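Below, each chain spelled out in residue letters.
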Amino acid sequence: MEPRISRDQVAHVAKLARLALAEDELDVLAGELAAVLDYAADVAALDTAAVPPTAHPLPLANVLRADEVRPSLDPAVVLAMAPDAAEGRFRVPRILGGA
Amino acid sequence: MADERAGTSGAVGPGGTDGGTGAAGLHAGAVGIAQAVRRGELRAQDVLEEHLAVVEAREPALHCFLALDVERARASAAALDEAVARGEAVGALAGVPVVLKDNLCVPGLPATCGSRILEGWVPPYEATVAARLRKAGALLVGKTNLDEFAMGSSTEHSAFGATANPHDPERVPGGSSGGSAAAVAAGMAPIGLGSDTGGSIRQPAALCGVVGVKPTYGLVSRYGLIAFASSLDQIGPLTATVADAALALEVIAGADPADSTCLDRPAPVLGPVLGRGVEGLRVGVVGDLVEGADREVAAAVAAAADRLAGAGAKVDEVAIPACRYGLPAYYLLAPAEASSNLARYDGVRYGLRVEGEDVAAMNAATRAAGFGREVRRRIMLGTFALSAGYYDAYYGQAQRVRTLMIQAFADAYQRFDVLLGATTPGVAFHQGEKLADPLSMYLSDVFTVPSNLTGQPALSVPFGTGESGLPVGVQVLAPALGEEVLFQVGSSLEAMAPRGGADGAAGQGTGQEAGGAAGQGTGGR
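Sequence lines, in order, name chains A and B. Using my numbering, the letters of the first sequence map in sequence onto residues 1 to 99. Using my numbering, the letters of the second sequence map in sequence onto residues 1 to 525.
It should be emphasised that the hints constitute simulated quantities derived from the structure, not laboratory data. Mixed in with the good hints there might be a few duds.
Here are some chain B residues pointing at chain A (derived, C-beta under 7 angstroms) [to be verified]:
1. 124
2. 341
3. 349
4. 379
Which bits of chain A does chain B cover? Going by a derived footprint, with three or more residues having C-beta under 8 angstroms, they are [said to hold, decoys possible]:
5. 23-36
6. 66-72
Computed spacing ranges between beta-carbons, pair by pair [said to hold, decoys possible]:
7. 287(B) to 45(A): 21 to 31 angstroms
8. 71(A) to 279(B): 49 to 59 angstroms
9. 299(B) to 70(A): 48 to 58 angstroms
10. 170(B) to 45(A): 36 to 46 angstroms
11. 22(A) to 433(B): 18 to 28 angstroms
Being a predicted model, the structure only gives us computed values, none of them experimental. We put the beta carbon where it would ideally sit given N, CA and C, even for glycine.
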């Protein structure tokens with residue numbers, strides 16, 4: 001039987017998940033994820049056409065509060081724990097193409 | 001001191017067996033300690049020092065803590081004693097040492113979640129449950145070990161080393177709230193808080209021989225709890241006794257404007273239901289929540305059912321076949337939600353950063369280095385279950401199974417007030433035993449995940465020891481917001497549990513060794 005997830009799919013999922021995984025871990029994960037998906041095969045095969053999905057155990061409603069200014073976290077305290085910060089902001093490597 | 005000790009002898013919660021000869025606070029439990037401290041019969045500072053002595057004696061072998069907060073606890077205890085001396089009113093947990101799982105935020109202490117990716121981060125805000133404990137007079141001893149991001153059933157997935165089971169250090173304490181469970185079982189604090197996404201309070205409670213409660217989803221604010229799977233996570237207590245769990249839940253539960261998923265209702269009042277008995281209550285023994293359990297566990301559930309019947313409950317068997325889909329559905333839903341929640345650990349705002357040539361490479365390198373193997377596995381599983389082409393077959397299907405589960409339990413509660421089953425398939429397993437096979441570890445949660453999927457409350461209470469000599473827990477389940485009947489039955493089971501094994505919370509044998517090592521003398525047990 002064809003495995004439920006191929007190694008190429010695992011590599012693609014790692015990219016989606018922003019995980020730079022080593023080649024050998026991709027191999028291991030392919031087997032481990034396939035085992036869990038096999039275990040879940042009964043769920044995937046259930047006829048649930050008439051069953052609505054449940055995303056959350058409570059009937060959630062938006063909670064609104066008055067639009068008024070409140071104290072927030074001190075930016076200096078928050079930025080002090082960032083890996084890199086400058087000019088009151090988080091600093092990251094370049095996002096768009098090179099300079 | 002002598003007077004203070006004598007003062008505790010009458011102030012012991014249900015399940016306590018203190019004969020009055022032990023140390024002042026160690027065997028009184030939270031209920032007894034708070035009462036005696038409020039009356040000025042016991043000093044918070046003495047209670048704290050006794051528990052710290054246990055920590056000192058046993059922590060090197062058990063590794064329950066990721067951080068201790070001794071100096072602040074001592075200062076709080078001193079301030080509390082002064083307040084009592086001045087005649088001021090003090091809170092419901094006055095002088096009670098507590099420990100918090102290290103996915104709960106407390107300013108001034110790191111919150112690691114057992115992960116390298118958050119190492120060094122100190123939260124600038126306080127979890128609502130931590131604030132409520134503090135305002136009630138509890139003394140925070142420290143933050144406890146856990147499986148990384150609460151993903152695991154043995155605490156072996158902590159990036160900072162495993163925790164040992166106080167009943168047998170070769171064995172796991174369960175997880176993911178294993179540090180809190182082991183600390184309470186060892187007598188380091190009468191109350192620990194944990195979080196339960198698929199059983200992470202109840203399973204370690206069962207394996208360590210303590211009481212563990214997963215409250216109704218939304219009953220306890222999760223503000224300041226680092227998220228794992230937001231539609232499943234709930235905070236709850238691990239304690240030596242059911243009365244202590246009731247007291248802790250009364251303090252931490254109730255509406256919170258900082259958490260929009262917290263129910264807008266007051267905390268339950270549970271004291272009056274303790275010891276009320278089970279006469280006339282309809283108890284359903286769920287075969288599907290025992291099937292496949294080891295013989296010693298199944299025997300404990302059968303014995304519990306017999307004793308409830310003997311006490312006047314109407315006990316009958318009930319089948320909930322949908323339970324068989326609970327675990328596979330959970331292991332699609334929880335990783336899916338986790339993969340989304342854990343997207344925030346990107347090396348930008350806090351914790352670890354591993355440099356890369358652009359921001360995407362930095363993100364991916366940071367996450368691969370900072371997350372441990374189990375967390376990477378779950379993120380991968382969840383990302384796959386949510387990915388284009390597979391969403392309907394896996395995530396969507398699991399959500400529909402969740403609906404079936406809710407309907408099946410609603411049907412059962414038409415006929416029964418509470419349900420009874422096993423908490424875990426077996427007693428505490430050996431360190432390393434399930435590490436190589438993730439699925440075998442996941443199966444530890446098979447009896448606990450249904451309550452998370454339905455959002456309903458459940459409790460694990462110790463029910464003697466099995467053939468192995470290790471503690472066995474039985475699980476009581478109740479409908480949403482059924483905390484009163486849950487604790488009513490839990491306290492009855494506690495009172496009727498077999499004696500002579502892992503009776504009480506300090507841990508027989510091991511607890512006495514600790515008492516001796518800590519200079520606590522003969523002990524009352």
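- Hints broken by the structure, by number, lowest first? 2, 6
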